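J.: Assemble the whole structure, with the sequences as input and the hints as a guide.
Number of protein chains: 2
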Amino acid sequence: MKKEKLTVIKVGGKIVESSDSLQQFLTKFAKIEGYKVLVHGGGRSATALGTQLGIESTLVNGRRVTDEAMLRVVTMVYGGLVNKQIVAQLQAIGINALGLTGADLNYMRSEQRPVKEVDYGFVGDVKEVNAGILSNLIAQGVVPVLAPLTHNKQGSLLNTNADTIAGEAAKALAQYFDVTLVFCFEKKGVLLNEADDDSVIAQLTPNVVADYISKGIISGGMIPKLENAFEAIDAGVNQVIITRADLIHTTQGTTITK
Amino acid sequence: MKKEKLTVIKVGGKIVESSDSLQQFLTKFAKIEGYKVLVHGGGRSATALGTQLGIESTLVNGRRVTDEAMLRVVTMVYGGLVNKQIVAQLQAIGINALGLTGADLNYMRSEQRPVKEVDYGFVGDVKEVNAGILSNLIAQGVVPVLAPLTHNKQGSLLNTNADTIAGEAAKALAQYFDVTLVFCFEKKGVLLNEADDDSVIAQLTPNVVADYISKGIISGGMIPKLENAFEAIDAGVNQVIITRADLIHTTQGTTITK
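Just so you know, the protein sequences line up as chains A and B, in that order. Counting in our numbering, the final residue of the first sequence is number 258, and the numbers go up one at a time with none missing. Counting in our numbering, the final residue of the second sequence is number 258, and the numbers go up one at a time with none missing.
To be clear, the hints were calculated from the coordinates, so they are not data collected in a lab.
The list treats identical chains as one, so a pair stands whether inside a single copy or across any two.
As a list, the in silico DSS-like pairs of lysine-lysine whose alpha-carbon atoms are at most 25 Å apart:
(1) Lys215 with Lys258
(2) Lys153 with Lys28
(3) Lys31 with Lys2
(4) Lys188 with Lys215
(5) Lys153 with Lys31
(6) Lys127 with Lys225
Computed from a predicted model, the values in this text were never measured in an experiment.
T.: What follows is the structure, encoded as structure tokens:
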């Protein structure tokens with residue numbers, strides 16, 4: 001049976017934490033045809049609330065160290081403030097949104113990250129995705145809005161990177177749908193020339209990427225992003241697109257396939 | 001067709017805001033047989049977070065005045081902190097919980113309360129309950145956990161009293177289920193003698209209540225509670241029980257029927 005198309009879009013906090021840019025983004029999100037899932041960040045708002053409460057944010061390799069006080073902050077900000085504001089604004093434009101953490105419907109279970117060089121605290125590595133009920137809801141027209149929080153099924157929420165949530169949700173939903181995973185990025189896509197914002201590489205495959213990395217064309221923070229993309233594709237996701245948030249409703253950006 | 005039994009339980013913030021009493025309460029909640037919905041408050045935590053952020057809480061007739069800053073606070077506390085903690089703890093005891101505000105699935109739409117003697121700000125009066133998807137989820141074994149927040153379907157969340165949420169959800173779900181609505185209370189039930197905590201009136205009907213009110217046996221804050229109960233019963237709810245949070249899994253308390 002031919003699977004229906006589903007687009008899983010991950011957007012960073014910067015876009016969704018300001019009400020103007022959120023509004024603009026959601027208008028474009030609404031234009032994407034077919035079934036949809038939205039995954040959001042919210043780190044800036046978490047840092048801001050933490051500061052107001054005298055709770056300092058510590059980031060190691062871009063990941064937030066999450067002690068008990070910070071877990072309360074991210075639960076409030078990611079699960080409450082950012083998530084519910086997005087849901088309310090989507091409902092206003094006729095999209096039947098449903099905000100979720102991994103604890104809701106037990107859709108994403110994780111385990112607290114083992115302490116190695118760094119003790120990240122209440123940060124979860126994803127272990128299990130239960131996409132069954134979620135896929136039923138999507139097929140009924142519901143648009144899940146996923147906050148970057150999972151749970152350990154032992155009563156604790158765990159902070160989890162939004163890119164990871166998007167990748168894991170996309171992989172699990174690929175069982176039910178023909179999934180396109182979209183990562184929003186500051187640039188229009190993967191660039192052939194870092195200095196030229198218009199030098200977007202339209203298509204990438206693992207072989208081409210390996211070649212570009214060896215030649216130093218692709219480097220730095222883009223490498224883990226592409227590794228995530230390949231992992232998703234290996235696990236059944238049809239294609240991954242890296243594009244700018246204001247272009248999600250167009251065909252622009254870099255498309256990564258097997 | 002015979003409807004299946006559904007119990008809608010409203011519990012106040014005092015129980016769910018302390019992790020010890022929450023744990024105890026949820027263990028008892030788990031013992032209730034059949035389909036279930038949990039509705040929670042969280043006012044003390046909202047007041048506490050507001051104080052930490054320098055946002056003062058103003059209550060008029062027990063209702064919170066909700067300006068924009070306070071709406072952010074209650075969105076974080078009710079929709080995030082309290083709701084998601086309950087969901088995570090229910091999942092830990094094998095209950096497939098799903099935390100919701102009225103914006104989620106557009107299940108409860110309200111309108112901002114008109115300004116009369118008091119401007120309550122972002123407080124919503126319920127106008128529409130869409131219980132369809134909710135009832136499907138319940139029939140699949142999902143336990144909705146309802147935060148005291150609704151939305152106006154124009155992009156804004158609105159603060160809404162948890163007793164009202166419980167009553168409106170119970171009434172709408174009565175279309176699909178044989179609904180018992182349970183209000184948790186500090187006492188074991190409606191008392192015949194205020195000074196005697198064991199003088200619980202086991203059964204009440206509108207006629208008996210009218211008689212008790214005229215004789216002064218029932219007075220004060222219990223009257224609006226009972227009016228809510230009668231309204232729910234008039235709208236198709238099978239019975240309303242007023243009991244103490246630690247007795248929800250027993251048959252103790254006051255049962256109100258038509």
